[in-house]
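Chains as they are written, first to last, in my numbering: chain V, 90 to 412; chain B, 45 to 365; chain G, -7 to 282.
Calculated directly from the structure, the hints in this document are not laboratory data. All the given hints hold, so there is nothing to weed out.
Calculated lysine-lysine pairs in the BS3-like style (CA-CA distance at most 30 Å, straight line):
| # | chain 1 | residue 1 | chain 2 | residue 2 |
| --- | --- | --- | --- | --- |
| 1 | V | Lys211 | B | Lys265 |
| 2 | V | Lys238 | B | Lys265 |
| 3 | V | Lys329 | V | Lys309 |
| 4 | V | Lys396 | V | Lys98 |
| 5 | B | Lys261 | V | Lys263 |
| 6 | V | Lys227 | B | Lys261 |
| 7 | V | Lys169 | V | Lys263 |
| 8 | B | Lys261 | V | Lys169 |
| 9 | V | Lys396 | V | Lys329 |
| 10 | G | Lys274 | B | Lys168 |
| 11 | V | Lys175 | V | Lys227 |
| 12 | V | Lys382 | V | Lys329 |
| 13 | V | Lys169 | B | Lys265 |
| 14 | B | Lys265 | V | Lys309 |
| 15 | B | Lys261 | V | Lys238 |
| 16 | B | Lys173 | V | Lys169 |
| 17 | B | Lys261 | B | Lys168 |
| 18 | B | Lys261 | V | Lys175 |
| 19 | B | Lys168 | V | Lys175 |
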Amino acid sequence: MQRPILEVKNLSTTFHTFRGVIHAVSGVSFHLNEGEILGIVGESGSGKTVANLSLLHLVEGGVVQADVMRYQDIDLSSLKEKEMEKLRGAEISMIFQDPMSSLNPLYTIGHQIEESLKLHTKLNRKERRARMIDLLSKVGISDPESRLKSYPFQYSGGMRQRIIIAIALAVNPKIIIADEPTTALDVTVQAQVLRLLTDLIHNESRSMILITHDLGVVSKTTDRVVVMYAGKAMESGITKDVIHEPMHPYTDGLLRSIPRFHENQERLYQIPGMVPRAYDLPKGCRFEPRCPKAQPICKNEEPPVRKMSNGREIACFFPISKG
Amino acid sequence: MIRFIIRRFFQMILVLFIVSLMVFLLSSFTGDPVYMLLPPDATLEEIADMRILLGLDKPLYVQYAIFLQNILKGDFGNSYVYNKPALGLILERMPATMEVVAVSTIITILIALPLGVFAGSNPKSTGSKSIMFGSLIGISLPSFLVGMLLIYLFSVTLGWLPTSGRSIPAITASGKKTYFTINELRHVLLPSITLALGQVAMLIRLLKAGLQETMQKDFIKFAKSKGVSRRNIVFGHALRNALTSTITVFGLSIGDLIAFTTITETIFAWPGMGRLLLTSINVSDRPVIIVYIMVVSVIFVVINFFVDILYTVIDPRIKLN
Amino acid sequence: MKRFFESEFFYNYRKSFSAVFGSVIIFLALVIGLIGPFVVPQNPYDQKQTDLSNAYLPPMWEEEGRAEFPLGTDGQGRDMLSVIVYGSRISLLIGISVTVISCVIGTFLGVFAGYKGGKTDSFIMRVADIQLSFPSMLIALFIMAIFGSGIEKLIVTLSFVGWVMFARTIRGETLSVKNQEYIQAAHVLGYSDWRILFRHVLPNVTTPLIVLFTNKIGNVILTEASLSFLGVGVPVTQPSLGLLVKNGFDVLFSGLWWVSLLPGLYIMLLVFGINLLGDFLKDELNPQLN
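Could you build the full structure based on these sequences and the hints that come with them?
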């Protein structure tokens, strides 16, 4: 089997605050194969964003530790800030949730795309211009030449997210980390932008980590998926397997709480209880207080990660069996 | 742009009109200048004559109409004390005041900008904390105390710098005026530092707060993820955004500088218009006070005008209208 | 109350040296202002208790200083310690009362303007804007120059200048609260405007009020001191700290530093203490910066 382009083992990110130590991410492992889209799903506060920011050393005020944090042959955890700067945007770039606030309001679109090109390429002014026009038309912006001189406030959310995608792709990065790229957009625009994004990934053989809380998006776009809860990975595997036969009670609960068109649901399922507070986590399995299948052992011991067939991994003492 | 300037011009006229009305009304409540001008043993007749001479016998609105008419002719009346045109008196002293204000502004920018940027971009560092602590002392210091401490230290105790007065530009043997001689600089230094200190402290705090807030914005995170270096994040992305909130206050703070020249000029016996204002207040020299207010109002309106223009240069979202 | 002592706010307060230090200064200054006159050696404004032959004695730690005048004496032979204690009362009185009055007026106008909107709003804010474009020191200076010195006049003048900051901030807060859904719900429920203002809007603007209030007191004390230093503030018969500095200024050049610098340093210490606490409150109660 091919070596993954990105590999993370036992990643933990902690913050020290007034309430004590907050374990935003504790011992999460995942990998990204070349050319695939990996989904990371979880509720807000599950640590999915922090985990990815940790990769690029973008977590402020937090302590990041990992057994392995590797991109190609580069050990990410040992990189100095200067070396990391060369990698960010050029090899791995990010797309954030809110397109309305991700662009600097005081600079033109052209300036902000060109910034990446100036940083990471040796293109001259003419070549940069050609590249920018090419990028903008690729993300579906008409009349790109005149658009370069306009400012972010002149655009709608969907258009801005397209521009952000153009910036993220500017230097041909191998990996895109997209953090809820469509959440802040209108429903009608969401599908378009997601489509654009996945097409650009597939057509140019890039890889992507898609962070989302929307299982619908995951099942439509990703190849593999990691389900996170309260800073831990609960279940991971090929998306089809996980969606069709969830093994972790949490994944199962999540799937059952999605409203469906064609089925006659009398009442939507709801996972009982609340997400535990980050400074006050349960001792055993973090999902135990809300788990319908919990046993005494779940309260006292953290379930180890079990490897199953087909690359499936699951952290549960009593997984749901097939059938 | 031209429309903006024209609009602004009329706005300025309106503001000046309101100011003149307020000033006129308020000043007519001040102590009767007649008693200031005449010896205490003046007869009733002499007093009445004086009133007529000054036009004080007419009803208020007539006095105001005459006042306005004269203003339009550029005649603000004569100083009761100096018996010279009040406008001339003020304008004569303006260069001295502007000299201190200009030097203080330069000092303010040179010190506050780097310190504020440093404190705002490394808010958790020891350096930043010391800067903020220092600036807190700075905003707690009454400016007269600063001036006095400086005089006591550098003039009385050490004897390095002159205690007071201004060295006017001298004319050399070749007939040329010399500007910014060492002697002039020695005189202007202490008053300017006194004037600048409070502004430096305030501007540091403002810049730091603005920068710190900007540094937490999403577009900064996005820029970082593009691989922009820390230096360029601060100077290229964050500073300009932080300046949008600072620039208005900075414009106002130049106004504050002018206001505080009254104190600084008093302490350092600096022959500027601030000191003239105070002596005029003490003797109820009404025309001089009025001219001062009008002149200063013009200055503020002009400053606001430039701040607005600067604002549109920095922030494309703001249109001139 | 118990909840307050267990809160994050109180925890941070206890851990912040500068906040506690500032509070101690404020507390001591208040105590000195309140009971100081009963404790100090003399009433400096009672001529029977002062002796001209004691004029310009240096503080006790200097060579010619005497233990009965720990901080020296001024030109009238008054004990500097007593003079400063009496002066600080006046400075504090003006600082606190001006802040309270500006706060009440400013909050009322700010909430009113923000809640009413429309012409009321634009009128109040236009007045505030015009006033703000002139340095408050100058406006106060002109008004005081016209009406003459006096503690009450000074309080009125500084309050007239001071309401603007409150009004602007509170209006902004009110505007953002006004559009919250629970306020609109209160409308739908048919509550009267006044009830909504007092029950729902006002409690929401208390946080910025606390911050503004603390910072304003220091600011007022400084402005008062400056005006009194210029001779247009408090009357000569009731000298505040600023006027004490002015009175001693002329003899500074002859090396008699204590007459002016000591009251000046006391102002600084007082304002510094207030600003320390104000700065802590600003950081702590403003969620935007951590």
